[in-house]
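Engineer: The whole structure should be built from the sequences, with the hints applied where relevant.
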Amino acid sequence: MNIRVVLNFVGRVLIFIGIFMCLPVLASLYYKGDDLFALLTGVLVCTASGIVLVFLFHGAKGDLRHREGFLFVTLSWVAAGFMGAIPFKVSGYFTTYMDALFETISGFTTTGASILIDIEMLPHGLLLWRSLIQWLGGMGIIVLSIAVLPFLGVGGMQIFNAEAPGPTVDKLAPRMSATAKLLWGTYLGITMLEIALLWAGPMNLFDATCHAFTTMATGGFSPCNASIGGYGSAYIDTVITIFMLIAGANFALHYAAIRGDVGRYIKNAEFRWYIGIFIIGCVIIMWSTRHIFSSLGESIRYVTFQVASILTTTGFATYDYVKWPVAPQIILLLLMFVGGCAGSTGGGMKVMRIVLLIKYARREILKLVHPNAVVTIKLGRNPVSADILRSVVGFSIFYMLIFVVASVAMGLLGLDFETSLSSVVACMSNIGPGLAHVGPATNYAQVPYIGKAILTFCMLVGRLEIYTVLVVLSPAFWRA
Amino acid sequence: MNVLVIGAGDVGFMIAKRLSEEGMNVFVVEKDEAKASKISQMLDVKVVLGSGASLKTLKEAGLEHTEMLIAVADLDEVNLVASFIAGVFANIPTKIVRIRGQEYNVAKKIFQKDYLDIDFIINPEQEAASTIDLLLEIPGSLDVIQVADGRVQLGGFKMGNGSPVVNRPLKDVTAEAVGINFLIASILRHDKLLIPKGKDHILPGDRVYVVLDKDNNKDILSFMGLREKPAHNVMIYGGSITGEMLARRLERKGINVKLIEPDENRCTILSETLSRTTVLNSPTVDKEMLSSERISDMDAFITTSDDEEANILSALLAKRMGNPHVIALVNNMDYVSLVSDIGVDAVINPRLVAISRILQFIRKGKIFSITSLSDIDAEVIEVEAMETSDLVDRPIKDINWPNGAIIAGIIRKGQGGVIFPSGSTVIDPGDRVVIFANKTVIPKIEKILSVKLDYF
Chain A
138 MNIRVVLNFV
148 GRVLIFIGIF
158 MCLPVLASLY
168 YKGDDLFALL
178 TGVLVCTASG
188 IVLVFLFHGA
198 KGDLRHREGF
208 LFVTLSWVAA
218 GFMGAIPFKV
228 SGYFTTYMDA
238 LFETISGFTT
248 TGASILIDIE
258 MLPHGLLLWR
268 SLIQWLGGMG
278 IIVLSIAVLP
288 FLGVGGMQIF
298 NAEAPGPTVD
308 KLAPRMSATA
318 KLLWGTYLGI
328 TMLEIALLWA
338 GPMNLFDATC
348 HAFTTMATGG
358 FSPCNASIGG
368 YGSAYIDTVI
378 TIFMLIAGAN
388 FALHYAAIRG
398 DVGRYIKNAE
408 FRWYIGIFII
418 GCVIIMWSTR
428 HIFSSLGESI
438 RYVTFQVASI
448 LTTTGFATYD
458 YVKWPVAPQI
468 ILLLLMFVGG
478 CAGSTGGGMK
488 VMRIVLLIKY
498 ARREILKLVH
508 PNAVVTIKLG
518 RNPVSADILR
528 SVVGFSIFYM
538 LIFVVASVAM
548 GLLGLDFETS
558 LSSVVACMSN
568 IGPGLAHVGP
578 ATNYAQVPYI
588 GKAILTFCML
598 VGRLEIYTVL
608 VVLSPAFWRA
Chain B
5 MNVLVIGAGD
15 VGFMIAKRLS
25 EEGMNVFVVE
35 KDEAKASKIS
45 QMLDVKVVLG
55 SGASLKTLKE
65 AGLEHTEMLI
75 AVADLDEVNL
85 VASFIAGVFA
95 NIPTKIVRIR
105 GQEYNVAKKI
115 FQKDYLDIDF
125 IINPEQEAAS
135 TIDLLLEIPG
145 SLDVIQVADG
155 RVQLGGFKMG
165 NGSPVVNRPL
175 KDVTAEAVGI
185 NFLIASILRH
195 DKLLIPKGKD
205 HILPGDRVYV
215 VLDKDNNKDI
225 LSFMGLREKP
235 AHNVMIYGGS
245 ITGEMLARRL
255 ERKGINVKLI
265 EPDENRCTIL
275 SETLSRTTVL
285 NSPTVDKEML
295 SSERISDMDA
305 FITTSDDEEA
315 NILSALLAKR
325 MGNPHVIALV
335 NNMDYVSLVS
345 DIGVDAVINP
355 RLVAISRILQ
365 FIRKGKIFSI
375 TSLSDIDAEV
385 IEVEAMETSD
395 LVDRPIKDIN
405 WPNGAIIAGI
415 IRKGQGGVIF
425 PSGSTVIDPG
435 DRVVIFANKT
445 VIPKIEKILS
455 VKLDYF
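Chains as they are written, first to last, in the working numbering: chain A, 138 to 617; chain B, 5 to 460.
Source of the hints: derived by calculation from the structure; they are not laboratory data. Incorrect hints may appear among the rest.
What the hints assert, rightly or not - Straight-line C-alpha distance at most 30 Å; calculated DSS-like pairs for lysine-lysine: (1) B:Lys257 to A:Lys198; (2) B:Lys401 to B:Lys196; (3) A:Lys198 to B:Lys443.
This one's a predicted model, so the numbers in the text were calculated from it and none came from an experiment.
Structural biologist: Now the structure itself:
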């Protein structure tokens with residue numbers, strides 16, 4: 138294990154994050170908020186600790202190999218969380234550091250779970266920082282570092298893989314740094330488009346920027362207490378529904394579409410399943426909530442928004458679905474597990490893994506009926522390798538195990554049944570709002586501190602797709 | 005620059021690694037899943053799983069935008085079909101193809117411009133045979149680098165305790181070398197490359213690179229206490245394709261060759277195809293056989309069988325019994341430096357040879373040639389001295405030369421031999437300069453040469 142190189146690189150990522158923290162400083166200066174000192178402290182501490190790490194381990198030699206890659210990514214995220222929380226704590230709007238950390242990790246992991254009761258009292262600088270960390274975490278801070286900083290061009294794909302969602306990563310270009318640049322360019326471009334569209338509607342530029350940041354990251358933080366629902370605008374609801382669905386799809390497809398190959402969407406099996414799941418979810422929920430909404434138009438507007446918000450793991454709300462009957466809530470809970478596509482900014486288990494699991498299970502049945510059958514599992518027309526299948530099955534087992542253990546822990550802390558289960562799923566799948574006491578109209582403020590720590594861990598594990606974090610925590614990793 | 009490499013075996017892997025490190029966009033096509041996943045984990049290249057003979061796979065690997073195709077898959081036929089498809093569906097300026105099969109030798113026309121249009125054909129066995137041939141020309145050498153179309157050679161030798169040049173300051177040694185152009189370009193000690201200065205010593209066990217004039221190297225070799233007699237009697241163990249090619253080359257040069265091959269049928273074939281070579285059928289190489297075949301009279305003993313353990317062990321046995329120039333063919337790349345440590349003079353790895361030949365071909369351009377030392381991070385660069393560069397019109401000692409690089413030779417138009425540079429030598433514009441440099445100082449050298457060594 139070459140820890141010196143890892144720490145050196147983590148230092149560089151911290152400097153990078155410190156530079157991004159200067160953007161909210163500008164906002165604070167512009168709006169003359171009382172958060173200037175807190176943000177400047179954040180910039181200073183983050184950059185300084187980065188410089189210290191780089192300086193201490195200046196002479197570190199060697200590449201990031203397989204193992205170091207996992208450690209580098211996990212440490213970078215944890216360090217980013219601790220550093221990003223500083224402005225929140227120093228500002229005094231968060232009473233404890235644990236609360237600030239919960240909010241920050243929730244931001245970076247694009248979960249969107251908040252402990253804030255009154256969001257609107259926060260000054261503009263902190264609000265922007267809250268949205269910006271989601272945007273950075275959406276496409277990934279390491280992927281962004283690879284795109285911008287030349288030093289990460291070393292090693293192979295494992296660093297990329299350790300952060301990027303989904304079992305496989307499409308390389309858009311032969312070089313990792315070029316791929317990262319294309320992904321971030323696409324991400325930035327679509328975000329700009331959304332800012333423009335929201336701004337054109339009845340939303341001011343600041344709110345439009347914050348919302349676009351958190352939509353494209355499938356994050357779900359909003360600078361308004363009532364989330365998107367507060368605007369009461371069908372136009373804004375529609376725009377955000379569409380952009381949530383875009384953010385939950387594979388960005389390699391968006392890149393192809395921008396280059397003129399729009400047909401790739403239809404050709405992509407995972408995308409077809411994703412849209413299929415979305416439509417089926419909408420239809421079932423619309424049917425089971427038919428007595429609640431007065432017109433079909435209203436039903437379509439609220440249900441599609443909510444299903445897109447949960448499926449893509451964004452977590453915006455325009456309607457307090459906790460008041461719905463049980464059936465639609467169960468559907469939403471199930472959708473929480475599914476999440477977005479591989480290569481999207483969405484969380485959850487990913488549509489691709491769910492599809493492969495279903496096909497894997499179906500193959501077992503076929504094999505029992507025809508003992509000699511040779512069945513290849515395919516996604517679209519492409520056969521899926523045994524390695525990927527194995528990793529998908531292992532991933533799902535771990536996902537369920539962590540879900541079960543964390544839920545039991547939450548129950549032991551005194552939370553009720555629905556809240557225990559849904560808070561863990563909502564955090565692991567990086568959605569934000571769950572059901573019952575952690576629903577869209579409420580928040581995580583009343584969860585005990587141990588519970589917040591457990592949920593923070595769940596968010597990180599979920600965002601880094603289980604293996605990256607678990608590998609680092611395993612004893613075998615630290616043995617020679 | 006987009007490069008498409010077909011086949012991620014040893015050769016494909018190493019080529020992809022070097023080119024990607026040099027900043028090229030590398031696509032790799034490999035049909036074996038394990039190999040594909042290994043290379044995608046280790047290198048910053050795009051890997052496409054599939055056959056190199058499939059248009060779909062090649063298109064996925066960016067065939068349309070490829071500027072150089074390097075087909076080094078295991079099967080000749082895949083390489084040929086890949087270059088054929090590439091020619092039909094895309095316009096690729098440079099095509100390099102590995103061909104092993106002897107059967108294609110008679111149909112060389114298909115490689116020409118009107119047909120497959122292949123720019124460079126690499127045959128690992130043939131390259132291995134010609135490298136061994138070159139080593140035999142310089143007795144006792146373990147590595148030979150040719151520059152300036154072979155007019156300058158850099159010979160690598162392992163220095164023993166008995167040599168008169170070891171354990172003394174180099175400036176004293178040089179002072180003794182009256183009338184001999186004696187220049188040590190570099191010393192390789194514990195896998196590190198040193199550019200020696202006057203006060204440095206050569207230690208026993210060092211590998212030294214000496215500048216040799218092709219036609220006149222006897223004096224230098226004897227001055228260094230090395231074997232000086234060119235090989236005249238050679239014994240080869242292993243009638244593989246490489247062994248057969250080598251025997252044919254040697255017998256053409258009038259060298260007496262004995263070729264030992266365990267398989268009787270293969271012996272019959274060999275005796276039919278070779279003319280002056282004595283083919284011996286013996287199941288193993290043992291003391292009895294070696295002494296009865298008079299190993300002590302042999303100038304060189306070369307092992308070229310397909311069994312590398314047998315190659316290494318029989319080479320060691322021959323070394324102990326008769327102390328000839330011993331060269332062993334070893335396929336496992338990791339064994340190469342190991343084997344030369346335990347007493348075999350020179351180790352040939354056909355894959356490393358192929359890699360180095362391909363890289364040499366690729367890098368031809370503004371610079372005449374550039375050769376990577378196979379197992380260390382150093383390069384031998386041959387470049388024309390530009391009028392605008394800091395190299396010319398001043399004595400060499402006034403050039404702001406980085407540590408870790410040395411001018412090993414100068415070739416001037418109209419002059420036959422090599423100019424061995426000293427501190428007061430002045431380089432003229434238009435001279436060809438041979439530079440020996442650590443990889444780390446190459447950027448500084450580029451500055452002095454005022455030429456970008458981007459190889460293209």
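Engineer: All hints, please: hold or fail.
Structural biologist: To see whether the hints hold, each was checked on the structure:
1. B:Lys257 to A:Lys198: violated (50 Å)
2. B:Lys401 to B:Lys196: holds (25 Å)
3. A:Lys198 to B:Lys443: Between Lys198 (chain A) and Lys443 (chain B) the Cα gap is close to 16 Å, so the pair holds against 30 Å.
In summary, the one numbered hint that this structure violates is 1.
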